[in-house]
Amino acid sequence: MNGDPRDGRIVIVGASLAGLRAAETLRDEGFAGSLTLIGDEAQPPYDRPPLSKQVLLGRVSAGDTGLPRRRPVDAHWRLGVRATGLDPLGKRVLLADGTEEPYDRLLIATGTRARPWPNPEEAALEGVFTLRTSGDAAGLAARLDAGPRRVLVIGAGFTGSEIASGCIERGLAVTVAERGPAPLVGALGGTLGALAAKLQRAHGVDLRCGVTVTALEGDRAGRLIGARFSDGTRIDADVAVVALGAVRNTEWVAESGIAAGPRGVTCDAGCRAFDMYGIVTDDVFAAGDVARFPHPLFEYQLLSLEHWGNAVAQAEVAAHNMVNPGPRRRPHLTVPAFWSSQFGLNIKSVGVPTFSDQVVIAQGSLKELRLVAVYGYRGRVTAAVSVNQAKSLEYYQRLIETAAPFPPAPGAADQGESPAPVPSDVPDPKVLSHGPTVALTGHLPDRRLTLVQPGR
Amino acid sequence: MAADPETLIERITDYASRPDPYPLYAELREHGVARQQNGSYLVGTYHEITALLHDPRISSDRRNRTEPDEAGDEEQGIPPSFIGLDDPEHHRLRSLAMRSFGPPHNPGRIDALHGEITRIVQDLLAQLRTRDRIDLVDEFAYPLPVTVICRLLGVPTEDEPTFRGWSDTIVSGLDPARGADPTERQRAAADARRAMGIYLGELAASRRGNPGADMLSAFATDPGPDHGGFNQIEIMTTAVLLLIAGHETTVNLITNGMLTLLRHPEALERLRDEPALMPRAVEELLRYEPPVQMLPQRTPLADIEINGVTVPRGAPLILVLASGSRDPRRFPEPDRFDPGREDNQHLGFGGGVHSCFGAPLARLETQAALTALIQHLDAPRLVEDPPPYRRSPVLRGPRHLLIDHDRAGG
Ligand SMILES: Cc1cc2nc3c(=O)[nH]c(=O)nc-3n(C[C@H](O)[C@H](O)[C@H](O)COP(=O)(O)OP(=O)(O)OC[C@H]3O[C@@H](n4cnc5c(N)ncnc54)[C@H](O)[C@@H]3O)c2cc1C
Ligand code: HEM
Numbered sequence: 001m002n003g004d005p006r007d008g009r010i011v012i013v014g015a016s017l018a019g020l021r022a023a024e025t026l027r028d029e030g031f032a033g034s035l036t037l038i039g040d041e042a043q044p045p046y047d048r049p050p051l052s053k054q055v056l057l058g059r060v061s062a063g064d065t066g067l068p069r070r071r072p073v074d075a076h077w078r079l080g081v082r083a084t085g086l087d088p089l090g091k092r093v094l095l096a097d098g099t100e101e102p103y104d105r106l107l108i109a110t111g112t113r114a115r116p117w118p119n120p121e122e123a124a125l126e127g128v129f130t131l132r133t134s135g136d137a138a139g140l141a142a143r144l145d146a147g148p149r150r151v152l153v154i155g156a157g158f159t160g161s162e163i164a165s166g167c168i169e170r171g172l173a174v175t176v177a178e179r180g181p182a183p184l185v186g187a188l189g190g191t192l193g194a195l196a197a198k199l200q201r202a203h204g205v206d207l208r209c210g211v212t213v214t215a216l217e218g219d220r221a222g223r224l225i226g227a228r229f230s231d232g233t234r235i236d237a238d239v240a241v242v243a244l245g246a247v248r249n250t251e252w253v254a255e256s257g258i259a260a261g262p263r264g265v266t267c268d269a270g271c272r273a274f275d276m277y278g279i280v281t282d283d284v285f286a287a288g289d290v291a292r293f294p295h296p297l298f299e300y301q302l303l304s305l306e307h308w309g310n311a312v313a314q315a316e317v318a319a320h321n322m323v324n325p326g327p328r329r330r331p332h333l334t335v336p337a338f339w340s341s342q343f344g345l346n347i348k349s350v351g352v353p354t355f356s357d358q359v360v361i362a363q364g365s366l367k368e369l370r371l372v373a374v375y376g377y378r379g380r381v382t383a384a385v386s387v388n389q390a391k392s393l394e395y396y397q398r399l400i401e402t403a404a405p406f407p408p409a410p411g412a413a414d415q416g417e418s419p420a421p422v423p424s425d426v427p428d429p430k431v432l433s434h435g436p437t438v439a440l441t442g443h444l445p446d447r448r449l450t451l452v453q454p455g456r
Numbered sequence: 001m002a003a004d005p006e007t008l009i010e011r012i013t014d015y016a017s018r019p020d021p022y023p024l025y026a027e028l029r030e031h032g033v034a035r036q037q038n039g040s041y042l043v044g045t046y047h048e049i050t051a052l053l054h055d056p057r058i059s060s061d062r063r064n065r066t067e068p069d070e071a072g073d074e075e076q077g078i079p080p081s082f083i084g085l086d087d088p089e090h091h092r093l094r095s096l097a098m099r100s101f102g103p104p105h106n107p108g109r110i111d112a113l114h115g116e117i118t119r120i121v122q123d124l125l126a127q128l129r130t131r132d133r134i135d136l137v138d139e140f141a142y143p144l145p146v147t148v149i150c151r152l153l154g155v156p157t158e159d160e161p162t163f164r165g166w167s168d169t170i171v172s173g174l175d176p177a178r179g180a181d182p183t184e185r186q187r188a189a190a191d192a193r194r195a196m197g198i199y200l201g202e203l204a205a206s207r208r209g210n211p212g213a214d215m216l217s218a219f220a221t222d223p224g225p226d227h228g229g230f231n232q233i234e235i236m237t238t239a240v241l242l243l244i245a246g247h248e249t250t251v252n253l254i255t256n257g258m259l260t261l262l263r264h265p266e267a268l269e270r271l272r273d274e275p276a277l278m279p280r281a282v283e284e285l286l287r288y289e290p291p292v293q294m295l296p297q298r299t300p301l302a303d304i305e306i307n308g309v310t311v312p313r314g315a316p317l318i319l320v321l322a323s324g325s326r327d328p329r330r331f332p333e334p335d336r337f338d339p340g341r342e343d344n345q346h347l348g349f350g351g352g353v354h355s356c357f358g359a360p361l362a363r364l365e366t367q368a369a370l371t372a373l374i375q376h377l378d379a380p381r382l383v384e385d386p387p388p389y390r391r392s393p394v395l396r397g398p399r400h401l402l403i404d405h406d407r408a409g410g
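Protein chains in written order, with my numbering: chain A, 1 to 456; chain C, 1 to 410.
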């Protein structure tokens, strides 16, 4: 890097939430050099959380979730073109249209894409959807408007459950298939998973757990007509939404020597990417869903998150560090947090619920559908999840930050009848249909990961 | 004077401290958590207050105190309203009240008041402009929020003199330092609450046959969610809470606001030139001169440790919001009034599950009021500084604020 970090050329690959917020922060911090954003989606940055909520309900149209701009970024936008390679020695990003973009510093913010249905022929049937982009949401919403007879949702993680909820709210018949023992169990463990299962059924979802979809069936015209399950049963369905989790968009850097693989691009607490030998680079940064970073609250294990709030916070830290010299750099330490709304519930989470061995209902009750579940690992608080009680979470965030003892001190006015901790029952992610949205992935920027090429 | 931290509450509540309690708050912050001679505990630092506001072991229900209040509310008065209850009861009642006040059931309610607030402001201003000396409190800052809350609830403004008396009595019952005759004061407060409750309950009941668009009508007729709607007692307590909250707080924010701006002419000029800055300036007022100085109602349900001090279960715990909002560990240059201040997470509306229910309304009223005042009062000047204050150290503000200005048209 030559001279003033507030000058030179910065390239951001991935023009969505993390990319945009990083660009804005760069300018806020006084970066005066040239700034280029490369994104393979044609439209300007937009917000994804509404896609599985308001958009599916028809309250907001898929084209209307553009991200609000905090400030002008004076950037060169290269939208609709994919980055295909990275040459870290020559400091250039290679693009699908044969051009290249030179950089002094690079931010990788390529996020994730929907994990496709593994059988390409079945995936191509008309009526089979995934949900990641605004185009996906527009297509699905239009299809739901047409009033399908039954919607099959494959995978009951957050996205799958929200889609099922939206369909129910629209009065559609829904079947949810999940390989694990309950919806949301991979993110929230057994207690809240059981609650989610009960709730889905109470709302009329035909919920089938412990099964996998073995085949999607089409008619001669290539339209979906039904699905078969591993327990030998079968349903008629004219729409199927594949909600099997996300795949990190790292293939384009796979050959570059950056530590990148299916779990993301490994970076340090300052968002600087590691190379495959575990040596930290100083000109390649990563942020958002694509990044995998160490967190002191979780024993410095590398965290992979698919959380809106993390994308914003990490983008801000990455941008700050890109234009500030060493001693002024900041670590990305924010406690992970996300929210979801489904079946009339507002669910919020802080910390990492899967990093736990026990859970206790510290406030409220399952019966009232209003509660705070607190998660502990080896006697300290590591996460809390509220159901219809979001305002209570701030207290537990503090407990997480200070590694307070678990179970939390008793005495809450709305403490339930039996506040005894029970095992948190977080299943091995392998038994789930869908990938987790939070994953602790060990300590090393493991070279082997770069050799596993997904989807090729 | 021997600065004994055990007497801080006496000194803060002393009427002589009303114009400027802030040096006492600075002293309080040095002590972290200050145990008082009367067995109560004062907390005045920002981070500790926010932690306690969110701590589920801190009750808002006075009945959890080890030494119950002298005037047993139970026999004489009506039960506590939701500001004095804990979850889940608090949540149930607050949500029921919210159904007719804001999102998700009534998201447009406050915005719809915008036009009405502007009209009331203009009417009041038209009268002010006919005289060169005005009392901002009696002629503007008090009538505005009272008119608005009455419209909102559906209470006839003609009855104002009646419930103003009740309201004053109720507020004096909040005083944390028990003066000459606390029992008498609290009993009077309980009586006033009951009288006001009966009055509002009857009004609500009378709407059952022909409900209007007001909140009392909604309280009386809304069947509620699965848990059911309000019962008659709950209508009484909730309506009393809203009428008082709508009465005794915004008046102080508007008055403190004008007082502060007149003391900082450069800020006043800046706001005249840059009206878009007003929302931020109002937040700064909520930090710098907050109408609710402290929350005297909290009680721990278990022994809790704050900064190395154990506050025993059942002890009165007083959170001095106005002190927390001036904590230098949270706000740079806390004693400077900066209408453009950024990162201003003040404690003016409290925090946690009890955070102010009426905040959107209070903001709208105050922004409209101050914007109009600084635009339409020509060369306003304070007649006396400090002005005379109201008694209450909790809901603190001037009793009168005399202002001279150049009358419209000379
Ligand atoms: C339906 C849905 C609902 C969600 N709901 C919630 C929620 O309720 N709460 C929550 O916390 N989070 C939620 N999320 C997650 C949240 O949206 C993500 O955390 C966030 O979008 C991450 O932002 P990002 O910028 O890191 O990645 P992305 O948003 O994935 O953006 C990456 C961008 O890079 C582009 N790109 C990829 N590869 C290349 C390449 N080689 N060249 C050029 N461009 C490339 C992609 O097309 C994309 O535009 C939801 C996500 C979805 C899909
Ligand atoms: C500037 C004006 C106002 C200020 C500074 C203010 C301040 C506060 C504060 C600090 C609290 C927290 C009390 C606690 O935690 O014990 C509170 C609660 C409350 N306020 Fe306000 N308030 C204002 C205006 C209003 C108005 C206009 C209304 C009515 C429409 C209102 C209704 C309420 C109610 C009902 C509560 C109780 C909330 C609960 O317990 O859940 N307030 N207010």
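Read the hints as simulated data drawn from the structure, not as lab findings. Note that the Cβ used here is the ideal one computed from N, Cα and C, for glycine as well. Possibly wrong hints are sitting among the right ones.
Claimed, not checked - With a Cα cut of at most 20 Å, we get these calculated EDC-like pairs of lysine to aspartate or glutamate: (1) A:Lys367 to C:Asp61; (2) A:Lys391 to C:Glu158; (3) A:Lys198 to C:Asp226; (4) A:Lys53 to A:Asp136; (5) A:Lys348 to A:Asp283; (6) A:Lys391 to C:Glu202.
What the hints assert, rightly or not - According to the in silico footprint, chain C covers these stretches of chain A (three or more CB under 8 Å from chain C): (7) 15-23; (8) 196-207.
Evaluation of the provided hints:
| no. | hint | verdict |
| --- | --- | --- |
| 1 | A:Lys367 to C:Asp61 | 24 Å, violated |
| 2 | A:Lys391 to C:Glu158 | 39 Å, violated |
| 3 | A:Lys198 to C:Asp226 | 18 Å, holds |
| 4 | A:Lys53 to A:Asp136 | 13 Å, holds |
| 5 | A:Lys348 to A:Asp283 | 35 Å, violated |
| 6 | A:Lys391 to C:Glu202 | 34 Å, violated |
| 7 | 15-23 | violated (count 0) |
| 8 | 196-207 | violated (count 0) |
Going through the hint list in order, the structure does not satisfy hints 1, 2, 5, 6, 7, 8.
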